[in-house]
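Student: The lines below spell out each chain.
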Amino acid sequence: MAEDVLCPFCGCLCDDIKIEVEDDRIVGVKRACKLGSSKIRGHERTKAPMVRRDGELVETTYEEAYDRAAKILKEAKRPLLYGWCSTVCETHKKGILLAEEVGGVIDSTATVCHGPSIIGIEEKGLAGSTLGQIKNRADLIVFWGANPAEAHPRHSMRYSSNSSGMFTPEGRKGRKVIVVDVRETRTAKNADKFLLIRPGTDYEVISALRMIVAGKGDLIPEKVAGVAKSDLEEAAGMMKTARFGALLFGLGMTHSRGRYKNVDNALSLVADLNGFTKFVVMAMRGHYNVAGFGQVCAWETGFPMSVDFSRGAPYFNPGETAACDLLARRETDAMLVVAADPVSNFPRNTVEGMAEIPVIQIDPFPNPTTLLSDVVIPSAVCGVEAEGTAYRMDGLSLRMKKVVSSPYPTDEEIMQNILDRVRRLGDDN
Amino acid sequence: MREIRVVPRRDFRVPVEAEKISPDIFTPLTIEEIEKIEVWEGNRKRALTDLFEISGDGDPAKPEEVLIKLEGNFSRVKRVGEKMTCGRIEALDDIGMHAGNGMAGGEIAIKGSAGDWLGREMRGGRITVLGDAGDYVGAGYRGENCGMRGGEILIEGSAGDYLGEHLCGGTITVLGNAGDFPGIANRGGVIVIGGDAHLPGAEMASGTITVRGRARVLPSYQYQETVEIDGLSLKKFLGDLVDNGKGELYAASVEDGGA
Amino acid sequence: MIIKGGFVYDPTNGVHGEEMDICIEGGKVVEKPRGGDEIDARGMLVMPGGVDAHAHIAGAKVNSGRIMRPEDARRGIEPRTKLLRPSTGYTVPNCYAMGYRYARLGYTCAFEAATPILESRHTHEELEEIPIVDKGALTLFGNNWEVLECVRDGDLDKLAAFVAWGLLASRGYGVKVVNPGGGEAWGFGGNVKGIDDPVPNFGVTPIEIIRNLMKANEILRLPHSAHLHTNNLGKPGNYETTLATLKAVEDISASRNRQVLHVTHMQFSAYGGTGWRDFESKAPEIADYFNRHDQFTMDMGQLIFGSATTMTADAPLEYGNARLLHAKWSNHDIELEESSGVVPLVYGRKMPINAIQWAIGLELALLTKNPWQFIMTTDHPNGGPFVNYPEVISLLMSRAKREEELASLHELASKRSSLPSIEREMDWNDIAIVTRAAPAKILGLPEKGHLGVGADGDVTIYDINPANVDPSKDHKKVKGALAKAKYTIKGGEVVVRDGEIVAVPQGRTYWVEASVPENQAAKVKADLVEKFAKYYSIQMSNYMVQDAYVTHPRVVKAGVI
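Chains as they are written, first to last, in the numbering used here: chain B, 1 to 429; chain S, 1 to 259; chain G, 1 to 561.
If you're looking for bench data, these hints aren't it; they were derived computationally from the structure.
Worth double-checking, as some hints may not be accurate.
[Stated by the list, open to error] Quick partial rundown of chain G residues pointing at chain S, CB under 8 Å, derived from the structure:
no., residue
1, Glu71
2, Arg75
3, Ala254
4, Arg256
[Unchecked claim] Pair by pair, the computed Cβ-Cβ distance ranges are:
no., chain 1, residue 1, chain 2, residue 2, range
5, B, Asn190, G, Arg221, 38 to 46 Å
6, G, Asp547, S, Asn244, 50 to 58 Å
7, B, Gly174, G, Val555, 53 to 61 Å
Here a beta-carbon is modelled for each residue, glycine too, at the ideal position from N, C-alpha and C.
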């Protein structure tokens with residue numbers, strides 16, 4: 001039985017998973033939620049590297065796949081190196097180095113997830129904490145545009161609504177939960193207060209709350225974006241009188257009209273609340289190591305995502321250098337996808353952009369992105385078949401374990417191989 | 001007037017960064033020298049003449065007497081006119097992102113439409129656009145407190161989102177609509193929008209925004225009075241009160257923020 | 001290699017500008033090498049490689065600073081070369097820039113001032129990416145629940161065992177104490193008001209925490225002493241807290257031949273007045289105390305005008321900064337252990353408070369008689385980025401430069417400090433002490449900061465001739481020469497030549513392995529098992545920093561005999 005294994009699925013990065021191993025195969029998974037358990041047990045794998053010949057993907061050797069990938073990236077004038085969210089930091093480091101050496105643009109899945117949160121943080125900063133601080137102290141949890149009951153199943157129990165700690169021995173009974181969303185989600189059904197807001201009105205609702213918190217509630221109208229002032233006053237009151245409040249937000253905030261401005265305003269709300277009580281804010285990161293990419297990219301390049309190395313020095317400007325920007329504008333002439341599935345998650349016209357260019361995929365599993373790929377390189381599953389570092393949604397780094405062996409090279413090894421071949425293809429510029 | 005024409009040799013897919021297409025840079029150079037100027041096409045360093053046909057008056061002149069004419073599709077050519085201090089650039093068609101970045105003087109006249117970040121961090125000079133402009137007109141760089149500090153931008157068509165984000169000075173006029181959050185976090189400057197806008201002046205500390213069409217106004221703005229300016233009846237608001245802002249917002253017609 | 005004929009300043013070994021050769025072999029200073037390259041250092045200044053004893057260079061809060069400041073990253077951009085990765089940033093440089101810039105200044109060793117145990121893996125990931133310099137990190141203990149409980153229960157032996165465990169868990173080098181008790185109070189938005197103010201929910205006072213950690217430090221015979229960021233840092237009138245703290249620990253003896261307590265970035269803790277209106281310097285009082293008590297040392301925390309990013313484990317202070325300045329603010333509480341804050345700001349010459357703060361740092365340096373009790377720092381990037389060290393050095397060496405600067409500042413700098421009347425000018429010997437010899441001794445690094453036989457082969461050659469340059473008049477030359485080393489040699493390898501990086505070796509990471517009696521270790525383990533079961537959000541087995549994160553360790557042994 002492998003103990004205290006880290007789950008390689010979501011930003012909760014639960015590290016108490018037990019995995020039963022027999023004859024170097026996984027036969028049982030305990031404690032993980034359905035999402036994590038399914039990933040750990042594994043499903044259909046890409047059996048061998050493939051390259052597209054005459055329109056068809058045919059099996060080939062790793063050597064040929066590396067050669068093809070290196071050539072595509074080296075020849076490209078604006079290659080995009082994308083993904084990174086489901087692999088370890090050691091892979092990210094190689095990816096950033098490769099992007100530098102081929103003069104490309106590197107970006108992570110934050111671009112379709114919490115990228116706006118990062119931009120909000122660049123405006124206002126983030127008043128945060130580790131998840132354990134919330135568990136031990138928070139008597140008020142606010143979920144805004146987040147539905148952990150479905151997206152982060154063990155979050156409530158381990159870290160938030162239903163957790164208990166030093167100053168929160170009563171667990172759920174000792175705290176209040178507010179949910180703000182555009183529909184009544186499963187998480188909302190278990191809230192003490194549910195604020196139903198109309199889609200695209202997060203910014204206005206937050207401004208109204210800030211006015212009430214600042215004691216200027218009499219200046220705002222009786223209804224804000226369909227929400228009654230009395231409801232807002234009740235919510236603001238709960239926030240101000242909490243001993244320790246935590247605002248956890250998700251894609252509902254980052255993806256609705258306003259995008260990073262919604263997050264920006266929420267960060268301001270939390271800063272305002274700190275004038276009255278203790279309050280922290282946290283982005284509910286999706287994939288288990290998208291936060292890790294942001295950390296590695298920041299310490300290596302100074303910027304957390306969307307970094308353009310075309311001219312030899314990092315240039316950062318999401319809206320111009322983010323993956324979706326490049327694809328939507330048809331600016332990029334080659335793409336490497338590592339540990340992500342953009343074809344499933346990107347807006348349609350960016351996927352159409354992918355169809356026009358050579359795509360290299362490095363992933364253990366086939367997925368819709370495989371269908372558009374010209375080179376497919378299967379790898380070991382990080383956290384199950386390969387070890388390495390990952391960062392939880394609160395920025396805490398932990399080491400993923402290798403539980404069983406596999407015949408596949410690791411993402412890190414694959415990246416190194418491509419890097420070696422790119423270097424052999426010679427210098428230019 | 002020394003006139004220099006720059007014509008793309010082909011359509012670009014990968015964007016071209018041409019911050020050296022600027023009167024300040026062209027001025028002291030002969031045509032042959034201009035042709036050798038470095039530009040970037042994605043990650044490839046090129047000479048200007050590799051990508052563009054350069055023609056025109058050969059003699060070096062004073063910068064304020066230089067006119068650079070951009071003929072053809074410049075929609076993927078970025079940073080034209082960056083940091084220019086004088087002279088004139090005319091784009092007969094569309095132009096790419098960051099046109100007039102950090103401009104301090106002179107004029108850029110765009111007959112087509114402009115890409116995002118037009119006049120970013122501008123300090124002086126004048127930009128006019130006959131067509132539309134993208135997002136972040138006259139805005140700043142991520143994380144900075146101030147974007148545009150001076151100068152004038154006039155857009156005859158419509159503009160995208162975040163017009164004048166972090167505006168600290170200067171004037172931006174859009175005859176058509178502006179998108180979401182024009183004038184967000186601004187600390188000065190004047191914005192005039194001929195058409196509609198969504199949630200103008202969020203976090204405004206000071207400055208003036210006029211929406212001559214319809215605006216959805218934030219709940220943190222306080223109605224003051226109705227005034228008449230240029231024959232148009234405008235509702236005047238003070239805000240953004242979340243941060244004790246003292247900006248002025250004028251709107252001809254107000255969308256019901258309660259709904 | 002032989003470094004020939006330079007003017008050598010090696011205060012540890014009593015060498016004060018003698019023209020002599022320095023020989024290096026096998027990465028160490030030797031009497032006579034068997035061969036190797038010759039470097040002609042005649043007419044130039046030769047010193048041991050610089051040692052930065054306190055800077056925020058790696059870890060979660062540094063990266064928070066980067067993430068929230070793309071506008072800082074876009075300054076100081078240098079593109080990649082065949083040898084070098086790209087550099088970005090001014091106050092929060094990327095990891096590569098950190099290493100390159102230290103090396104260009106002639107520094108070969110730098111210590112991260114504060115790493116929280118739970119997030120030390122991150123600290124080491126970043127330290128691993130900083131090229132060239134040797135490094136280490138000081139581990140935070142002053143707000144840790146296990147520490148507070150040991151203090152409450154008066155269990156000094158268990159506390160020592162926990163400190164040993166914490167150093168192992170974090171691969172840390174020493175005991176760092178920041179606003180003790182205040183970080184825990186911040187968990188519910190509070191702070192402590194003074195050294196006798198009890199910490200809510202734990203019932204211990206900051207001075208008890210300080211005394212106990214100091215004693216535990218000495219029980220373990222750690223190479224460095226406890227390293228303190230005082231309570232009430234940054235507040236007008238806080239010099240009283242500083243002096244009260246020192247007086248309250250005068251009775252504690254060091255277990256080694258070194259100070260018993262190092263107080264860091266003292267500039268921020270030397271304030272008089274009752275508010276910002278009557279804010280003034282109390283540097284003379286602080287310096288006077290140090291002049292009469294040689295068991296204490298301090299570092300400067302000098303202000304540099306322009307952009308800075310404050311980042312510290314004193315989270316309530318940062319919140320206060322942000323409110324005062326209407327600045328963006330990041331905060332990060334770490335369960336059971338610490339908290340931190342990051343706030344960007346700009347220090348202005350015409351801002352009265354900043355002008356006085358600038359004067360205070362210099363006063364402290366110049367009024368402390370014994371340079372061995374003093375280290376020059378800017379508390380990078382709190383006071384300002386370390387690339388400005390040559391500016392500080394030239395100010396210390398030239399009264400004329402100080403007068404020029406004072407004339408350009410708000411007049412209160414002159415009125416509320418004693419700086420205008422200070423005539424002292426440091427000489428090269430003093431500078432070699434406060435930037436090399438003293439930090440090495442204070443940190444307890446016997447092979448650093450000097451050029452005696454057996455020292456690490458870390459040498460800097462500056463292109464300035466002490467025989468014919470008067471630092472008092474030619475302060476511009478001093479600053480220019482110190483900004484770009486003629487040669488920086490690390491472990492016997494030339495890494496900088498004419499201010500350019502020519503080699504990028506990986507430095508080593510110091511950490512301390514302290515042994516304790518088995519029964520004490522067992523008591524600590526039992527406490528931790530309970531804490532992990534009930535309070536931590538991760539499993540105990542996943543907590544410690546693993547070997548993979550410290551690939552070039554330099555382990556120093558210590559412990560209870």
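Student: Would you mind marking each hint as holding or not holding in the structure?
Tutor: Quick rundown of the hints versus the structure:
Hint on Glu71(G) holds. Least Cβ distance to chain S is approximately 4 Å, under the 8 Å limit. Proximity of Arg75(G) to chain S is violated relative to the hint, the smallest CB-CB distance being about 11 Å (cut-off 8 Å). For Ala254(G), the interface hint is violated, the least distance from its beta-carbon to any beta-carbon of chain S being 45 Å, above 8 Å. Hint on Arg256(G) is violated. Least Cβ distance to chain S is approximately 45 Å, over the 8 Å limit.
A beta carbon spacing of about 54 Å between Asn190(B) and Arg221(G) contradicts the range 38 to 46 Å that was offered as a hint. Distance hint check for Asp547(G) and Asn244(S): the Cβ-Cβ separation is about 54 Å, which falls inside the suggested range of 50 to 58 Å. For the pair Gly174(B) and Val555(G), the beta carbons lie near 45 Å from each other, so the given range of 53 to 61 Å is not met.
In this structure, the hints that do not hold are numbers 2, 3, 4, 5 and 7, in rising order.
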